[in-house]
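There are 2 protein chains.
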Amino acid sequence: MNSADHLRQQGAAAQAASALLARLPTETRNHALENIAHSLETEQGPILDANAADYRDAQADGINDAFLDRLLLTSERLNDMAVDVRRVAALQDPVGEVIEAFTLENGLDVEKRRIPLGVIASIYESRPNVTTDIVALALKSGNACLLRGGKETLRSNTALVALIHRALGEAGLTTDSVQFVDDTDRTLVDVMLQMKDEINLLVPRGGSGLINFVAENATMPVLTGGVGVCHTYVDRDADSEMAASIVYNAKVQRPTVCNALDTVLVHSEVAGRCLPTIANRLHEAGVEMRCDHRALTILGPDSGPNTIPAQPDDWGREFLALIAAIKVVDSLDDALDHIQTYGSGHSEAIITQDGDAAERFLNEVDAAAVYHNTSTRFTDGAQFGFGSEVGISTDKFHARGPLGVRELTSYKWIVRGNGQIRG
Amino acid sequence: MNSADHLRQQGAAAQAASALLARLPTETRNHALENIAHSLETEQGPILDANAADYRDAQADGINDAFLDRLLLTSERLNDMAVDVRRVAALQDPVGEVIEAFTLENGLDVEKRRIPLGVIASIYESRPNVTTDIVALALKSGNACLLRGGKETLRSNTALVALIHRALGEAGLTTDSVQFVDDTDRTLVDVMLQMKDEINLLVPRGGSGLINFVAENATMPVLTGGVGVCHTYVDRDADSEMAASIVYNAKVQRPTVCNALDTVLVHSEVAGRCLPTIANRLHEAGVEMRCDHRALTILGPDSGPNTIPAQPDDWGREFLALIAAIKVVDSLDDALDHIQTYGSGHSEAIITQDGDAAERFLNEVDAAAVYHNTSTRFTDGAQFGFGSEVGISTDKFHARGPLGVRELTSYKWIVRGNGQIRG
Chain A
1 MNSADHLRQQ GAAAQAASAL LARLPTETRN HALENIAHSL ETEQGPILDA NAADYRDAQA
61 DGINDAFLDR LLLTSERLND MAVDVRRVAA LQDPVGEVIE AFTLENGLDV EKRRIPLGVI
121 ASIYESRPNV TTDIVALALK SGNACLLRGG KETLRSNTAL VALIHRALGE AGLTTDSVQF
181 VDDTDRTLVD VMLQMKDEIN LLVPRGGSGL INFVAENATM PVLTGGVGVC HTYVDRDADS
241 EMAASIVYNA KVQRPTVCNA LDTVLVHSEV AGRCLPTIAN RLHEAGVEMR CDHRALTILG
301 PDSGPNTIPA QPDDWGREFL ALIAAIKVVD SLDDALDHIQ TYGSGHSEAI ITQDGDAAER
361 FLNEVDAAAV YHNTSTRFTD GAQFGFGSEV GISTDKFHAR GPLGVRELTS YKWIVRGNGQ
421 IRG
Chain B
1 MNSADHLRQQ GAAAQAASAL LARLPTETRN HALENIAHSL ETEQGPILDA NAADYRDAQA
61 DGINDAFLDR LLLTSERLND MAVDVRRVAA LQDPVGEVIE AFTLENGLDV EKRRIPLGVI
121 ASIYESRPNV TTDIVALALK SGNACLLRGG KETLRSNTAL VALIHRALGE AGLTTDSVQF
181 VDDTDRTLVD VMLQMKDEIN LLVPRGGSGL INFVAENATM PVLTGGVGVC HTYVDRDADS
241 EMAASIVYNA KVQRPTVCNA LDTVLVHSEV AGRCLPTIAN RLHEAGVEMR CDHRALTILG
301 PDSGPNTIPA QPDDWGREFL ALIAAIKVVD SLDDALDHIQ TYGSGHSEAI ITQDGDAAER
361 FLNEVDAAAV YHNTSTRFTD GAQFGFGSEV GISTDKFHAR GPLGVRELTS YKWIVRGNGQ
421 IRG
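Line by line, the protein sequences are chains A and B. Residue numbers for the first sequence follow our numbering, so the first one is 1 and each next one is one higher. Residue numbers for the second sequence follow our numbering, so the first one is 1 and each next one is one higher.
It is worth saying that the hints were derived from the structure and are not from the lab. Some hints could be false.
Pair ranges (Cβ atoms, derived) [unchecked claim]:
id : chain 1 : residue 1 : chain 2 : residue 2 : range
1  : B       : T184      : A       : D354      : 48 to 58 Å
2  : A       : T341      : B       : S3        : 22 to 32 Å
3  : A       : D334      : B       : S75       : 46 to 56 Å
4  : B       : S208      : A       : D313      : 41 to 51 Å
5  : B       : P46       : A       : L20       : 54 to 64 Å
6  : B       : E364      : A       : D182      : 26 to 36 Å
7  : B       : E216      : A       : S75       : 44 to 54 Å
8  : B       : T184      : A       : T174      : 46 to 56 Å
9  : B       : Q194      : A       : D334      : 27 to 37 Å
10 : B       : A19       : A       : D237      : 24 to 34 Å
Negatives, chain A to chain B, calculated, CB over 12 Å [unchecked claim]:
id : residue
11 : P46
12 : L48
13 : S268
14 : P305
15 : I308
16 : D334
Note that CB positions come from ideal geometry on N, CA and C, so glycine has one too.
Could you build all of it, start to finish, from the sequences and the hints given here?
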């Protein structure tokens, strides 16, 4: 059998398993998750060996350090993954939740009940912890899943999925619930994109090239995200210490992720006071500051080699590095215009003591998450209390922001009567 | 300017208008709806004239009576449309609704707030009341809309949209909020399907050919439905009078719509008692009954010319006419299997006095709406209290069942802090 046929069979098997999963009691699904967590703590040997082999090959291929770091598994990281799985297990079960209920005038009782979507597929980057995150969120929400991880982590994922399959079997779940694509042939992505009868939701993760390709060519529902051009606007009424602390956190705490700061906008009336404070903090961390001419003037000629003029394409750019674009604006309106033009609809923040300005910003900025006096870094499933996340959607349809268990569900209408007919 | 460019300009204008609409207070949007309703009652002349011209041409083209009836506007129907618009206006405003709110341990206040999707587009059949339904639901939910109605109703829709534009203008809304495609060139559908930057949701209505074409080729989110292969299962513990009454209603009350009954499944233990009762009622209405051999045997050789053997393709067929397929099954499981194989995921019913059987059916049937002891005809936005509906989704993603104002929304996450940073 060729791999395309095999992939389609995996999809059909996942679809069949999803019908069983949808009916399992909460306890059984939680039991499976607990088994997975326990195995992640107690059966680390084969996974660490497999990961060491993946790591060695990736290193030999000259892959960069940040990538290698995401690929690497350690005993501690496996324990952290177990914690994440248990955190998902501890969530309220979304399956069967009554979203709303009402009685019609004719006496019909109507209930809107949450149900699983069916089969969640993901094509994702070479980070093995994503494997257990997606499996945990899918099983918790009563869904089967179909996983295709990055080729550099093939052995790690194969070992992880073997562990997951054993854990599922011990909990009485069919191993068909978790399907892993162990063939890294690129053309299988095209096959997957046609499997609309087998896949109810596809979440592409990783590079924007892959994400755009999937969004444009998939025949099934897709949720995309992953690209965040995030602004923090320091308003006229900002507290400059708070502004510096939040900008520093948003840029420096983890610069390689989508909710990290890319551009600072500062109101001209406070730029003279706030910008040097902010720049001092960013300097400490070695952040390169790409400034418009007004910011450059304020920071002065002696502000160091890390302070350089911004180029036009620095606005609207996701840096994923210790680089920030800085611009002075004359008003909240100018900040809103800039964000509307250059933002990616991910995460945007305003720093201000002016409640009216904050509310205007929160209302008018069209993004998955909008922040007042805090860091855009909080756009994250774990931070929001979702346990973890399948991704962060910048789409508006179906789900926006972190994708947790609820976002992997649909609903059905249940109507109970005693003979009512329509007149 | 050619029509493709014009269409794209309409989309861009709608998109710009949607940003304004999203910020309008509830009262202003309701005022616009009240203006539309009032005009529908008081400015009927031009619309009735336009509709008479449409009707005359359609009649001359030999179009069938059911189609002509849907196309026809009368003074009474315009008054009914006004009532529908006012019913939507009276709904709670979905825009700004706080879907959930919680405070994180670090003190951040998180709010999930409902917002409009942006621009709702629809390609729909030659029924002018759909124009005012979609306009009302879109405006109520803070969305702009882009409408392409059936070519047989071009003059009617042009007159209706002129009325709507006047009503919007008097309420201070830009007429760009409602865009009407007055060019019936078929190639414009292809243009529309590419307008993912201008259209946030596309709802195709009408024939399954169009719906499938749109679902497969659209680059933006689509909600599809409109095809309903609906079963009513008469269980072993059914009340036969109730069963007959519900089956009759589901089949006969309006046979040309998607939530009408197509197939009756009857448990073998009660078929001898229930089937004749059901068949007598259906006979009254002249329903053709296409029976499997067991049903045929029960109904007997003298049951009349309307009782004929079912052909294999009668199972899973949407009749949209006074025709019903009838089958005897041996168990609830067989009924569930039949529905899983042949259902379209629209509306399915069980008639039984057995609570356990009912719960199994309601839980296990995978459809937008599942019914116990009542008619599938209730799957309807107005019946559910949504005022009206843009369509009925048989998709699972984003929205399922009747599409009212809430289903035309997305949400954003709003996070308020006082300097919190991520550790």
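Subject >> Violations among the numbered hints >> reply: none
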